[in-house]
Amino acid sequence: MTITATNPYLKGNFAPVRKEITSDTLEVIGHLPPELSGMFVRNGPNPQHSPIGQYHWFDGDGMLHGVRISDGKATYCNRYVRTTGWKIEKQAGKAIWTGLLEPQQTKVPHGISKNTANTALVWHAGQLLALWEGGAPYVIKLPDLKTVGEYTYHGQLTSAFTAHPKIDPIIGEMMFFGYSFEPPYLQYSIVSAEGKLVRTVPINLPMGVMMHDFAITENYTIFMDLPLTFSAKRAQRGKSPIMFERDRPSRFGIVPRYGDNSSIYWFESPSCYVFHTFNAYEEEDEVVLIACRMSSTNVLINKDTQLDPEGDIPRLHRWRFNLTDGTVREEMLDDVPAEFPRVNENFLGQKTRYGYAARMAGSSEPLVDGIIKYDLSNGKSQTHEFGEGCYGGEAVFVPRPGSTVEDDGWLITFVHDQSSKTSEMIVVNAQEMTTEPVARVLIPQRVPYGFHGTWVSEEQL
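Taking UniProt numbering, the leading residue of the sequence shown gets 1, the next gets one more, and so forth.
Since the hints were made in silico from the structure, they are not lab data. Keep in mind that the hints are not guaranteed to be accurate.
[What the hints assert, rightly or not] Cross-link-like lysine to aspartate or glutamate pairs, in silico, DMTMM-like; alpha carbons within 20 Å at most:
#1 K421 with E27
#2 K351 with D168
#3 K380 with D417
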């Protein structure tokens, strides 16, 4: 008798929920601050149908979970992002595309891959975009989370669109990039505050790499050419086309915001991988980057991959790139594994004192058991713990309206209690991290673990 192991990302609170609901009366334990008014929306993978072959957590169709807060009350709804691929599979009544761990399909009439729009969200120029780094964004209508459709900036979009665009909080410009496994391997774009795609330039890389995130400062954009590489030759030999190459150094490219290949500074440092950056800023002759660094990653592991016992353990690091003498200094700031970093985005690209990250639980799956608040001025930290058997995800910082104090606001995330199998949204006072949440909003159905969220203020709504 053969016993088939259940995919860990299809069971427990990683398992999808298929029901889309709307609930106008949510129970609140504690008190929602009266000035907290707007909508918290989080994206994540939620396969519509049983997957074909091996399922990777990154494969699922995008599902949005939204909690709207107003006058101390909260409402909830969840909706699939109705992408083109989602509609095709909905009509077929089954999955058509395989995922990242399966060989590429070359005979699917609708294309070799499906834009799932399952990773992150950004609010810019009056609209909410659901993002997936392999394709175009999808416009989402608020507050009902209905999918409006794919958005290509009136046909101007010529690349994929990162899941982590950066918005300059002072002038409102949005920077994004798209990577490809065919030349040009990287394209860098700028969208004006009004929402017009004004500039796209290619950035030369030696080969295709998986580049998940980047960073900006007041005057520069920082790209990470890290050794998670793509090779068509490997694929032709029947091996995994995507592989972490430990013998290749990490390269960081720093380009003036309106620069190109002719003005980029390249720096080399030891081999590593970074999924997410905290922030970056300028200090005298240096550009400083803070991010969650791993020695390597097994994220797309298959039978060809040699496991690194230290792989996929993210820890807070700082790099200092000296633009005058070309040197780079790298240091670990904390040895506690942490991911999904966020800052008060009113200070993005500037030197910040505080940052927030999800504390990893040390389990075989990416479970999060608390929120760490870092004080980067003195190296200290505080942790809000979710409690025994309770796990959450990325915490989004919501600034208190009108405040100019960097940590004056709240941290919002979904938390799941594995014993009661219930989910809630918690609101934590960012200045009182170790106390109980100021409010717990009980969600009427399970909210699976997911990826990234955003806050849309009532004013923006």
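**Study point:** Satisfaction of hint between D168 and K351, Cα-Cα up to 20 Å
**Key:** Holds, at about 13 Å.
Review point. Given the hint that K380 pairs with D417, does the C-alpha gap stay at or below 20 Å?
Key: violated, 29 Å
Practice item. Would you mind confirming whether the straight-line C-alpha gap from K421 to E27 stays at or under 20 Å? Key: With a Cα-Cα distance of about 17 Å, the restraint between K421 and E27 holds, given a limit of 20 Å.
Going through the hint list in order, the structure does not satisfy hint 3, though it satisfies all others.
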